[in-house]
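> One letter stands for each residue in the lines below.
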Amino acid sequence: MSRGRGVEDDDIEDEEYEDEDHFLDEDIGRRCCTSSKKRRRSNFIDDVAEEDDEEDDDELYSGGGKKHSKAPRVASQFFYLEAQVDSDEEVEEDEREDDFIVETGADLPDDDVGRRMHSHPLLLREDEHKKMLKLLREAFRLEYDEETIDVEQQALLPSVRYPKLWMVKCATGRERETVACLMQKYIDKGSELQIRSVIALDHLKNYIYIEADKNAHVREAVKDMLVPIREMTVVLSAESKAVHLSRDTWVKMKVGTYKGDLTQVIDVDNVRQRVTVKLIPRIDLQELANKLEGREVAKKKAFVPPPRFMNVDEARALHIRVECRRNSISEGEIVGLSTLFANRKKTHFMKGDAVIVVKGDLKILKGWVKKVEEENVHIRPEMKGLPKTLAVNEKELCKYFEPGNHVKVVSGTKKGGTGMVVKVEQHVLIILSDTTKEHIRFFADDVVESSEVATGVTKIGDYELHNLVLLDNNSFGVIIGVENEAFQVLKGVPERPEVFLVKLREIKCKLHKKFNLQDRYRNPVSVKDVVRILEGPCKGKQCPVEHIYKGVVFVYDRHHLENAGFICVKADSCCIVGGSRSNGNRNGDSFSRFSSFKTPPRVPPSPRIFARGGPPFDSGGRHKGGRGGRDALIATTLESQIKVVTIDRNFISDNIIILTLTYDTSRYGIESETPMHPSRTPLHPYMTPMRDPGATPIHDGMRTPMRDKAWNPYAPISPPKDNREEGNPILNDI
Amino acid sequence: MFFHIVLERNMQLHPRHFGRNLRENLVSKLMKDVEGTCSGRHGFVVAITGIENVGKGLIRDGTGFVTFPVKYQCVVFRPFKGEILEAAVTMMGFFAEAGPVQIFVSNHLIPDDMEFQSGDMPNYTTSDGSVKIQKDSEVRLKIIGTRVDATEIFCIGTIKDDFLGVINDPTTA
Chain H
1 MSRGRGVEDD
11 DIEDEEYEDE
21 DHFLDEDIGR
31 RCCTSSKKRR
41 RSNFIDDVAE
51 EDDEEDDDEL
61 YSGGGKKHSK
71 APRVASQFFY
81 LEAQVDSDEE
91 VEEDEREDDF
101 IVETGADLPD
111 DDVGRRMHSH
121 PLLLREDEHK
131 KMLKLLREAF
141 RLEYDEETID
151 VEQQALLPSV
161 RYPKLWMVKC
171 ATGRERETVA
181 CLMQKYIDKG
191 SELQIRSVIA
201 LDHLKNYIYI
211 EADKNAHVRE
221 AVKDMLVPIR
231 EMTVVLSAES
241 KAVHLSRDTW
251 VKMKVGTYKG
261 DLTQVIDVDN
271 VRQRVTVKLI
281 PRIDLQELAN
291 KLEGREVAKK
301 KAFVPPPRFM
311 NVDEARALHI
321 RVECRRNSIS
331 EGEIVGLSTL
341 FANRKKTHFM
351 KGDAVIVVKG
361 DLKILKGWVK
371 KVEEENVHIR
381 PEMKGLPKTL
391 AVNEKELCKY
401 FEPGNHVKVV
411 SGTKKGGTGM
421 VVKVEQHVLI
431 ILSDTTKEHI
441 RFFADDVVES
451 SEVATGVTKI
461 GDYELHNLVL
471 LDNNSFGVII
481 GVENEAFQVL
491 KGVPERPEVF
501 LVKLREIKCK
511 LHKKFNLQDR
521 YRNPVSVKDV
531 VRILEGPCKG
541 KQCPVEHIYK
551 GVVFVYDRHH
561 LENAGFICVK
571 ADSCCIVGGS
581 RSNGNRNGDS
591 FSRFSSFKTP
601 PRVPPSPRIF
611 ARGGPPFDSG
621 GRHKGGRGGR
631 DALIATTLES
641 QIKVVTIDRN
651 FISDNIIILT
661 LTYDTSRYGI
671 ESETPMHPSR
681 TPLHPYMTPM
691 RDPGATPIHD
701 GMRTPMRDKA
711 WNPYAPISPP
721 KDNREEGNPI
731 LNDI
Chain G
1 MFFHIVLERN
11 MQLHPRHFGR
21 NLRENLVSKL
31 MKDVEGTCSG
41 RHGFVVAITG
51 IENVGKGLIR
61 DGTGFVTFPV
71 KYQCVVFRPF
81 KGEILEAAVT
91 MMGFFAEAGP
101 VQIFVSNHLI
111 PDDMEFQSGD
121 MPNYTTSDGS
131 VKIQKDSEVR
141 LKIIGTRVDA
151 TEIFCIGTIK
161 DDFLGVINDP
171 TTA
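Those protein sequence lines, which keep their order, are chains H and G. Sequential numbering of the first sequence, starting at 1, is according to full-length UniProt numbering. Sequential numbering of the second sequence, starting at 1, is according to full-length UniProt numbering.
Among the hints, a few may not be true.
[As the list claims (entries may be wrong)] Using 20 angstroms as the maximum straight-line C-alpha spacing, the simulated EDC-like pairs for lysine to aspartate or glutamate come out as follows:
1. H/Lys254 x H/Asp213
2. H/Lys423 x G/Asp33
3. G/Lys81 x H/Glu396
4. H/Lys528 x G/Asp33
5. H/Lys423 x G/Asp128
[Claimed, not checked] Residues on chain G that point at chain H, a partial pick, calculated with CB under 7 angstroms:
6. Val46
7. Thr49
8. Arg140
9. Gly145
10. Ile156
[What the hints assert, rightly or not] Counterexamples of contact, computed for chain G against chain H with all Cβ distances above 12 angstroms:
11. Gly57
12. Thr158
13. Asp162
Bear in mind the hints are in silico, worked out from the structure with no lab data behind them. Idealized CB from N, CA, C, for every residue including glycine.
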């Protein structure tokens, strides 16, 4: 029985120790006292409980205990006697404690007997044992919370006679286990172990505290456990410090020629503690050549050669034997390293970002950010059944994007650019840039979702994108791209499109003179006209003219992928399609177009109405095959302004109604507008010369005459038919 | 996808168009202005099918123009994310056109066994040569994202899913 009691005692002590672990949070100072304090406290309670003991004992042990603040009475049963014995002598408490602990094994039976005499018969059976333990646990915890801690604290401070606290090294993360082990040992060995208590702190890794009188006692206790502890320490602490390197991680070199360079891990060899990395070589070919030829090599390199991809030709030029060996592991595309960086520095999460958990138990969980704190991010998880908000460590999260999202770059070299996500590969996104339609890779951290569409940097200084500029050496070109400090200029050479990088200072001036060129059929071409290219690699394309200069025409084709859509052609390898927007009559026009004396010479002749069904079918002339005419028109309506198609009435063979495509109605009182009304009678077979069969068609070569006078259709300005052949008869009339 | 919807627009008309044919003028101007344009909300306006009603005109001070609110029915085309449609290849890379909208299919969204072969007739072809995508082929693709500019809708599509890819070979068809 006494043995049983002893066991229970030990268990209780175990409880205490365990409880100590729980309770030993922040206060190191109180640590050593806690054990004693608890007992002290229980003594304290005991005093109060003393009166009630007689009454409530039975109840307590029958039902397994009512739990109220006096619950520790249960525990106090054990200490009751203690108190009984020494309650008057607070000072001697320590000793009493010592007695209690040290003599537990040996003296307990005696005490027990004595105690039992005093206390009520405590027959704790095995099944109640557990209940009691639980009560104890709860009691102590409760006690701890409720009662004020500063009860008789001064009495609890350690004095000299109090057993000292020794720090013992143990395995990282294994403190509790060690404590438990020691506890077990104590139980097994009983009084041989001369230590008082063992304490492990949560926040103090690697060490446990052992309370004992003498160093020797501690060593004794720990002796057997020392060896395994030591081994574990080494293994565990080493492991926790290793940086986990895996394939395809980006790392920076710390020493050597490549110090500071970004490299990618290709292969990890844990056995030999080696890592194979791929990087841009910094090879000084000259020096290599020197070395090979036996020439003097400078002891110290004066400069670090810049990183460049290996240029085989250069090497060969210097007579270095080049051997190509392909490493099977390192296949793969070489990515623009400037757009990536090795370490993920602090990622900024914004409220509303879509994120995904990448580490830990919650891997692959998607969610949206609700709140961002210092280290933790609160997310609303996507899955049902989870609490509304989860707090996740920042390091375990990564921004999440889906293909089709539109994003904007917020850091890195391409800052400010926008694009659409095409593919997602873990942390790396492949984005199709809005401005240059190319694929760029980004870290997910560098982009945010945004519907903004960037136009890119479009101007430096005076020069904007798509300007025609004159360069230093008298060549000219169109700016098709703007980079950091320079422009990409497409030179005006029709045969071979060449793009040059031109600095700001190399540009002489902008060109904006309005030139008038003639196309193949000697139609005047000016800016904004749609032309069709008749020769060359871009044959057949129909695009509006953007610039004209010196016999060369720059057209812009939306669908053309090179050079941002600009194509350079000679003026006479194209022909104009659709109406000219600017001055001038055209050959074969049945309608005159007058240059009005007002400035915007956008004078349409009569309007035409195209039927929706059929296009005007041109049987001859310039607009041969004009079936495409309508499509061209529709295409142009998307990109540029509406054009009037002027077709010689002779060429129109179908009897169709042509839809009007007039310019905006900003022309007041231009005489040419007046014929609109009569010309609207739609069923006329030859749409064009509606008013006066004789008056209208102004032949070629008669460009000038209408300038002075507004043309009055009803006035017989235009010469009678017979006079027309004479050429320029109108002048005569006026 | 095509839709037939009713839209409204305020048309300004110059007084010289007044008269007997006022309504016709208005209608033709409307067509000229609207057909072929694109808005982010409705998509491309393909054609106007009819005029529902023309409201009363209001003369603007100072300019003399008259503003008419016009309600009209039109066919519009608007691509949606996730939509599957047929398109004709225009340019290798590749671009495809489905009506008025241009769709770009990037390399990453083309099945891995198709390789790009540049040259005179650039095309994508499978390793065994059975399937070929070249200019003017018809492909069925799925739109994974749309971007709306001020006046244009641009889409990105994929053929990497099931049942997507070439429908029609231009050489055989």
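> Just pull the numbers of the violated hints for me, sorted ascending.
Hint check: 1, 2, 3, 5, 6, 7, 8, 12 fail, others pass.
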